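S.K.: Taking the hints into account, I'd like the entire structure generated from these sequences.
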Amino acid sequence: MPRLIFAIFLNLALMCGLSAQAQDAAPDAPDRSATGGAQTLEDIMARQRGEAVEDSFRSTATGNPEGAAGIDQQLGTLGGVSDPEIWRALRYNSADIRVSAGGEVATVLVQDGGMSWLAFRAGPLRTYGGWLLLGTIAVLAVFFLVRGRIRIDAEKTGRTVTRFEFVERMAHWTLAGSFILLGVTGLLTLFGRVAILPYLGKDVNSLLLIGSKWIHNSVSWAFMLALATVFFMWVAHNIPNRTDLVWLKQFGGIIGKKHPPAKKFNAGQKVIFWSVILFGASISISGLSLLFPFELPLFAKTFGILNDLGAPQLLGYDALPTSLAPQEEMQLAQLWHAIVAFVLMAIIIAHIYIGTLGMEGAYDAMGSGEVDEAWAHQHHSIWLEEVQEKDRTSAGKAGATPAE
Amino acid sequence: MKAMLAGFALIALIAVGADLTLDGVGFSAQDRNSGTAVRLN
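Chain order of the listed sequences is L and E.
Residue 1 is where the first sequence starts when you use this note's numbering, and the numbers rise one by one after that.
Residue 1001 is where the second sequence starts when you use this note's numbering, and the numbers rise one by one after that.
These aren't lab readings, by the way, just hints derived from the structure by calculation.
Mixed in with the good hints, there may be bad ones.
[Unchecked claim] Residues from chain E shown here face chain L by an in silico Cβ test under 8 Å; the list is partial:
(1) Met1001
(2) Met1004
(3) Gly1007
(4) Phe1008
(5) Leu1010
(6) Ile1011
(7) Ile1014
(8) Ala1015
(9) Ala1018
(10) Asp1019
(11) Gly1024
(12) Gly1026
Note that the coordinates shown come from a computational prediction; the quantities given were computed from them, not determined experimentally.
Positions of the beta carbon are idealized from the N, C-alpha and C atoms, including for glycine.
M.R.: Structure (structure tokens):
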């Protein structure tokens, strides 16, 4: 998993054109003597073919103000930098830009990394993200056809036990509802141009995007609050223990007919819990960075920490860039936000399946909060025994209380 | 079912509250990304 996360980091960095090392690895520079050192047709053709072009011959050709002719000399008023040199300096963000407002962000006048970000967002992000979600649904559909619904083996007892209290269910539904809203509005934002606009027109797409933006920005606070609440509410029940190994060995009874013992949460639910907490936290942090543009840059520092740890070298890569333009920080935050969100959406689709269609009686746990004892015995036998023991103890104490 | 509806109501409440609060303290997108010279209202 760390290797995968690092690979995503690295690919994002490379795709945004941030790695100077990638440029070093470019093919041998062509002979530019015919153009006096300026770019050649071969340079242009190579760029159009999408090849990495070593362009230090341009990025460093930004003129020399010190070399300007004196004002009292011929051509003195022209200064030491030509127009092409000024534009190159702007293009490579080396020009000395001073602005009266807008801070560091406003000093970046040309940010060509934005094109790489746009290409990634409109290409691989949409393609692989979309297939991940559709693939998850397809796999679940096949699984349902093969395995069918997981039924309660024993006869229902008619006696119920409280699985989740009101406050627990309310926190769960706040988290679930907000995540679904965020997921739908996020997908509309990402896919609206290709999935809505061509069929329903610009006006409908625009309306959906404006609404999606408000919902996404505002509902995110409910998600973050519910995420923190759910974490503190259930973390104690989600610490891995030896029971989980038994549960995992038997595939939790999902495959086959065995139903391994489990406490309040089985190993599968713990995987869901920690996925929601860790991926949800990551989405929240990158989301905050996007909610407050340029205020919370994350990636240059993260890359610096990874470099210090030697992570890139360990995997055979060069050091990650630690100096990023504010816009690059936002572009990386947006891509990371979307990639992690796609992964979590796929996990949650599986969670919704098993909590509704996939398992008889599972929805009651979050619906009414009351589950049949037969269901509880089948899926959470240790927890049921604990609850029943607690009930017996409290009943015994109440029975032992002398009448007044 | 009541817990679900209460959760959804809480989402709406927090969303509207967050929007009004951030707007009130000057964190609206308009306030953050435009100067007084170009603001339309």
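S.K.: Any hints this thing doesn't respect? Which numbers, in order?
M.R.: 11, 12
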